[in-house]
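Just so you know, the sequences run in chain order A and B. Taking the working numbering, the leading residue of the first sequence gets 59, the next gets one more, and so forth. Taking the working numbering, the leading residue of the second sequence gets 59, the next gets one more, and so forth.
Treat the hints as calculated values from the structure; they're not laboratory data. Treat each hint with caution, since some may be false.
Copies of the same chain look alike in the list, so a pair counts if it works inside one copy or between any two.
As the list claims (entries may be wrong) - Derived lysine-lysine pairs resembling DSBU-like cross-links, with alpha carbons at most 35 Å apart:
| hint | residue 1 | residue 2 |
| --- | --- | --- |
| 1 | Lys373 | Lys224 |
| 2 | Lys389 | Lys273 |
| 3 | Lys237 | Lys421 |
| 4 | Lys123 | Lys170 |
Protein chains: 2
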Amino acid sequence: MSKLDYGFNIPALKGMKLEEIQTPCLLIDYEIFKLNVEKMGSFTHENNIKLRPHAKMHKSVEVAKYQLQYGNASGICCQKLSEAEVFVKSGIKDILITNQITDLKKIDRLCKINRSGTKVTCCVDNIDNLNDINNIASDNNVKIEIFIELECGAQRCGTDNIDDIKLMIQFINKSSNIKLSGFQAYNGSYQHVLDSKERETTVNDTNKRISNLLKYFDMSNLIVTGGGTGCFEEETKSKIYNEIQVGSYAFMDAHYSSLKKNKSNILFENSLFIYTSVISVAKQNFAVVDAGLKSMSVDSGLPKIFNKNDLKYTKCSDEHGIIEDYNNSLKLNDKLKLIPGHCDPTCNLHDWYVVIDKNRKVKDLWKVSARGFSF
Amino acid sequence: MSKLDYGFNIPALKGMKLEEIQTPCLLIDYEIFKLNVEKMGSFTHENNIKLRPHAKMHKSVEVAKYQLQYGNASGICCQKLSEAEVFVKSGIKDILITNQITDLKKIDRLCKINRSGTKVTCCVDNIDNLNDINNIASDNNVKIEIFIELECGAQRCGTDNIDDIKLMIQFINKSSNIKLSGFQAYNGSYQHVLDSKERETTVNDTNKRISNLLKYFDMSNLIVTGGGTGCFEEETKSKIYNEIQVGSYAFMDAHYSSLKKNKSNILFENSLFIYTSVISVAKQNFAVVDAGLKSMSVDSGLPKIFNKNDLKYTKCSDEHGIIEDYNNSLKLNDKLKLIPGHCDPTCNLHDWYVVIDKNRKVKDLWKVSARGFSF
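Isolated chain A (complex conformation):
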């Protein structure tokens, strides 16, 4: 940190008061974050299911290591190879890339990581890709563990074609440098259904479909991994999954917070905020803040304003946010905490998390270590 300059390339210094932090930036409320991580840790411990939190959400070595040390995590997930490499370099030894690695140079990098002693597995949905991985693993004299990805309804990667899956398993069994670890079954769409009853029904339907698919295969020693913050309880109950890949639970966002939950559900609170300042009050009924599209992703809706029911974030441009303020209560340089609509692509815009303790002081700065590592 010695070469970094407060206000220019870091938003705060340790020990600083909340009010002195430069905006816009990301805040983590440490006490709430800690509680969220503990809740998921206890849940997975009590239900005897492995927890592999998704690091694509936070992209931070500090957060991942906290989850591994205090949150019952047994490894992490990543989404891209370069992202995984950030965590490999930090010393984390067990990573599942929940995505396809198809580029030949990337497969070679994957093999070299595994050869050096860090286990990095990936997903596959294509037999040519399996062939490439086996050949390049053979060149590197290493065995790569893979998960076959099942289609869960998101219409992204993965297949539910039994014949294709059988062919892939046959291919793996006769190949010397790849090994089947299990199945990736991430329900990426239905877990976002807002109504709890409707969400439960659709998620359970997916779980049944996955269960029926799996009946065709010998499941001894095979892992089924999947599950997000919106549906991990249903997936755990289903007894199909050995491992869940939740990410957002540690921070939460406006979208996940708007999911209606059943009484029996674990509730997580927002620990992540965008800290923003008022830079213009030139107009009646509106104020302008300094956090726009370059500080938050609006793909899942505009941010909510924390603890201020009379204010509403109504419009977002590149570097401006418009706040409806019919009481004209906001003054120049007033600061607001925004709850981002979608935490993953919002975190990816920033270089730092400013971690706030219970005394509203800066406890630490955590780097968004893998920001931009998308190749």
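Let chain A serve as the given structure and place chain B on it in line with the hints.
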């Protein structure tokens, strides 16, 4: 570059063939970029209007210096102080921050930059802010030039209240450490109207409104600055503006390319692309590519696929893009060039531009130097 690792934290190496580049990443077609920069250079030269391109769009020292050297630019614009500081550190000596600097620590940083010999001006729409700037400039023994921001219809910062503007000018005139440079009048909304006739009418209405406002003030020695890629020709014709702040013209994007233009307009071509690879063909009629929300902003719509009319980018999640491919023509590892919906927040997601020459080889890597500098 010696510490950077191809495929991990840089997407390409100089001299490399297009096919060897790691995806997803940003590409610049150098020949088209050059032509765009030259066209705007010639236009501003012929029309005797100053050109101050907006660096918030590209956030790159290399691009800014190219525009200053070859594109008739006389300075640059920035949107945030930390962003401007990146360009100050690169040696650029004349920067207009087209935004409000209200935080006291930021004002102090602004004063210290000006004291060190680089001219950085900013916008103001509030008398308390003027007072803060004057006081802190006085403490730093420096004079700060400012632009009063006029409201142009975007309902962001700025005012069109004559009395407020008069009070601000009076305040500036009696203050020893601030000086009025002129007016910021950026038409940030109407320039995006798709229909050329309708856009021309609304932009001309704004220009008239600005012109009427300006009649109340002695305009000798005052500059009017504004104008974007969608309307700079109308603003130049209006004779109100002394300077235009266009940004997107150098790269263009799917949104700006969809604006209908008149015969007399200068046309710019897309020089910026997101380079992406197919990672899954497991489903009929669809392929999955590796560029999603963390590689592009979708606030102005999904990307277009360059030169492939039979393919359509239909859905975007964090790290996946779904490509409609009814001919099932795409194969694993095929590469596509996407035209981003909105270039500014897309560039801000990446660390590098891979500059491609006319032989489809990597001419250079340019850093997105001010990516994430939003405070």
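Checked hints:
1. Taking the shortest alpha-carbon separations for Lys373 and Lys224, only the inter-copy value of 29 Å comes in at or below 35 Å, while the best intra-copy value is 50 Å.
2. When the C-alpha separation of Lys389 and Lys273 is checked against a cutoff of 35 Å, the pair qualifies only between copies, where the shortest distance is 30 Å, while the shortest distance within a copy is 63 Å.
3. In this homomeric assembly, Lys237 and Lys421 never come within 35 Å of each other (Cα to Cα): the closest approach is 44 Å inside a single copy and 41 Å across copies.
4. In this homomeric assembly, Lys123 and Lys170 come within 35 Å of each other (Cα to Cα) only inside a single copy, at 23 Å, whereas the closest approach across copies is 40 Å.
Of the hints listed earlier, the one the structure fails to meet is number 3.
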